[in-house]
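Undergrad: The task is simple: from the sequences and hints, build the whole structure.
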Amino acid sequence: MITLIRNEIYKTLLKKKIILITILLILFVGLFSYGENYIYNQRINAFLEESNQGDYSWENIANQRLERLKKNLESSYIPERGIKSIKIQIEQLEYFIDNNINPVTPSVARFNVEFVKQSVTLFLPLLIIILGADLISGEFSDKTIKVLLTRAVPRWKILMSKLIALLIMTTLIILLMALISTTVSRLFIDRLGFDEPVATGFQFVNGELSTGSVIRITSLKYTLLNYSLAWFVALVMSAITFMISTLVKSVGSAIGIIMASLIGGQFLQFFLSDWVMVKYFYVTNLDLTKYLTGSYQQVEGMSLVFSVLVLSAWAIASILISFFVFLRKDILV
Amino acid sequence: MTHKILSVKDVTKIINQKKIIKDISLEISQGEIYGFLGPNGAGKSTTLRMIVGLTRPTSGDITISGYSITKDYVKAMANVGCIIEEPTLYEYMSGLKNLEILGSMSNNVSKKDIIEAVELVGMTHRMNDQVKTYSMGMKQRIGLAQALIHQPKLLILDEPTNGLDPQGIYKFRQIIKSLVKDKGISVLLSSHLISEIQLMCDKVAIINKGKIIKKARVEDLLLSNRISWVLDLPKKGKTILKEQFNIESSIIENKLFANIEEHLIEAVNSVFINEGLKIKYVSTKKKTLEDLFLELTAYKAID
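Residue numbers (my numbering), protein chains in the order written: chain A, 482 to 814; chain B, 37 to 339.
Don't read these hints as lab results, they were simulated from the structure.
All values reported here derive from a predicted model rather than from experimental measurement.
One should not assume that every hint holds.
So the derived label-pair ranges between C-beta atoms look like this [as the list claims (entries may be wrong)]:
| hint | chain 1 | residue 1 | chain 2 | residue 2 | range |
| --- | --- | --- | --- | --- | --- |
| 1 | A | Ala794 | B | Ser231 | 51 to 61 Å |
| 2 | B | Glu127 | A | Leu790 | 41 to 51 Å |
| 3 | A | Gly511 | B | Gln53 | 56 to 66 Å |
Ideal Cβ positions, reconstructed from N, Cα and C, are used throughout, including at glycine.
TA: Below, the structure written as C-alpha cells:
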C-alpha cells in the first residue's frame with residue numbers, strides 16, 4: 482500500500498504540478514502583499530492630508546475610519562443589507578479601539594489571515610483542482626488505467642492509494658501556502674506581528690453583533706486557526722475533486738465540472754440566498770474563516786458547526802460514490 | 037487431464053442491454069499459442085478485457101492457473117501479463133521508470149527482472165529516455181516488457197502488431213516465439229489478420245458477432261485448398277460433390293466453392309465433365325479471412 486501511495490505521489494511530482502502551484506502562490510502572494518502595503522501607505526497619506534496631524538498611530542486612523550462609516554450610515558442611498566453590514570463593521574471597530582487591538586497596520590500575521598480568507602472560496606479550490614482533477618480521469622484519457630488495473634492489485638487498493646496520496650499532497654499545499662505567504666509577504670511588509678492580540682468569536686444574536694463570547698488570542702494562534710480551517714476546506718475540496726475525477730473520463734471535463742460548480746455556487750449564494758437549499762450546497766459553506774471574524778452572512782441559519790457538518794457530509798459522500806463507481810466500472814478505453 | 041492455464045467457461049457479457057459476448061468458452065494449455073481471430077467489432081477485445089479483469093463477465097467464469105478471476109482476483113492476475121490494444125505507458129516517465137512503477141505493484145519483481153525484461157525486448161539503449169520520445173515500435177516493446185516483468189504464465193496480446201512496421205512485426209514474433217520456447221508460457225493473441233494467426237498460433241478460435249463460430253488447429257484449417265469452379269450448372273455440381281465425394285460445398289455468386297486437397301481436383305473435374313457439366317474455369321487459392329467467413333456463415337458451422 483505504501484508503495485502504491487509513493488507511486489502516486491511520484492507521478493504527481495513528475496507532472497510538475499507542485500512547481501506550477503508554487504509559482505502561482507508566489508505570484509499571488511507577491512501581488513497581494515505589495516498591494517496591501519500600497520493601500521496602507523495611501524491611507525496614511527490620505528489621513529495626513531485630512532487631519533493635518535503628524536501622528537498617524539493606528540488609533541487615529543481607526544477612529545477616522547469609524548467616523549466615515551457612521552457618516553455612511555446616515556446616507557439614505559444604502560440598502561438595508563448594506564446598513565446591516567456597516568453596523569457590524571462599526572461595532573467591531575469600536576470593540577477593537579476599546580480593547581486596544583490594532584486592525585489597521587499591515588503585518589505578516591494579518592496578511593496570512595487575509596490571504597487565507599480571500600483564497601478559501603476560489604483560489605485554494607483551484608489549486609486543489611490543479612492537483613487532483615486528472616488523478617483518475619488522466620489515467621483514463623492517457624489510457625494508462627489499463628496497465629494500472631491489470632496488475633495483481635485489487636481495485637480498491639489502487640483507488641485508496643490515490644485518495645491517500647491526494648490528501649497528503651493537499652496537506653503539503655497548505656503548508657506550502659503558509660510558507661510562501663509568510664516569506665514572500667515579508668518582502669513588502671515590515672511588521673511580523675505574530676505576538677499581537679486578535680479578537681475572535683463574534684456572534685450574531687437576533688441580527689445584532691454580540692461581543693459577549695469574544696476571546697482574545699495571539700495573532701499566531703489566530704493564523705494557525707485560519708490555516709486549519711483552510712486545510713479542512715482543502716481536504717473536502719480534494720474529496721469532491723476526487724469523485725469528479727472518478728466519474729468522468731477526460732481531464733478537461735473534470736476541471737470544467739468542478740469549476741462550474743464552484744462558480745455556479747457563488748452565483749447561487751448571491752442571487753438565491755433566500756432559498757433554503759442553498760445552504761446545503763458545498764460552495765456556500767466553503768468560507769469557514771468568515772465565522773471567525775463575524776462579518777455579515779449572506780444566507781441565514783448558518784454557523785461554523787453547520788458548515789463543517791455540511792462539508793463533511795459532502796466529502797464522505799464523494800468518497801463513497803467514488804469507490805462505489807470505480808469498483809464496478811467496466812474499463813472500455 | 038492436462039493443466040489448463042486459461043479456461044473461459046460460458047462467458048456472456050451484456051453492455052447496455054446488448055449481448056456483446058454470447059456464451060464463449062475456450063481453454064489454453066501450457067506452452068500453447070492461441071489465436072483469437074475475427075473482424076473488428078466481433079468481440080475479441082471485450083473478451084480479452086474480461087480475461088484481464090478490466091471488465092466483468094455478466095455470467096460465466098474465467099480461471100487463470102486454476103484461480104477464478106472473480107473470486108481470487110489477485111492470485112489470478114499475478115499469472116497474467118497483457119497488452120490491451122495499443123501499449124499504454126506513462127509518457128512523462130522514462131521506459132525504465134514505467135517498468136519500476138508497474139513492477140513495484142507485483143510481489144517479488146527485482147531490479148534484475150526488470151533489466152532482464154528490457155534486454156529481452158532489446159530496449160536497453162533507450163530505457164532511460166522519456167516514453168514520449170519513443171516510436172510506436174519502441175512503446176510496443178516496453179509494453180511487452182511491462183507484461184513480462186512479473187514472470188506471468190499467460191500472456192494476453194490484443195492486436196499486438198497493429199501500427200508496427202514489417203520489421204517490428206517480425207522482431208515481435210521472434211520474441212514471442214522464443215518466450216514460448218524458452219519459458220513455456222502460454223499466449224492468447226487476437227488479430228483480424230489471418231496471416232498473423234497462421235504464422236504464430238497453434239490453435240485458433242474464430243469469433244464473429246460475439247460468438248465463437250469455429251475452433252480448430254491452425255494446420256487443419258489451412259491444409260485444405262479452397263477451390264472455386266465456374267460451371268453452367270453450379271447446383272448440379274454441388275450435388276455431385278456431395279454424392280460422389282462426400283464433400284460439402286457452397287454456391288456464392290454463381291461460383292461453386294469447396295475445400296479439397298489438391299490431388300483431388302483432377303478427379304473431381306473429370307467427373308464433372310463425364311456428367312456433362314461445362315467448366316469455364318477452375319481456380320485454387322489460399323484461404324483468406326474473408327473466404328473463411330463467407331464459408332463459415334454459409335455453412336452455419338458451429339464446431
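Undergrad: Give a verdict on every hint.
TA: Going down the list of hints, with the structure as the test:
| no. | hint | result |
| --- | --- | --- |
| 1 | A:Ala794 x B:Ser231: 51 to 61 Å | holds (60 Å) |
| 2 | B:Glu127 x A:Leu790: 41 to 51 Å | holds (42 Å) |
| 3 | A:Gly511 x B:Gln53: 56 to 66 Å | holds (57 Å) |
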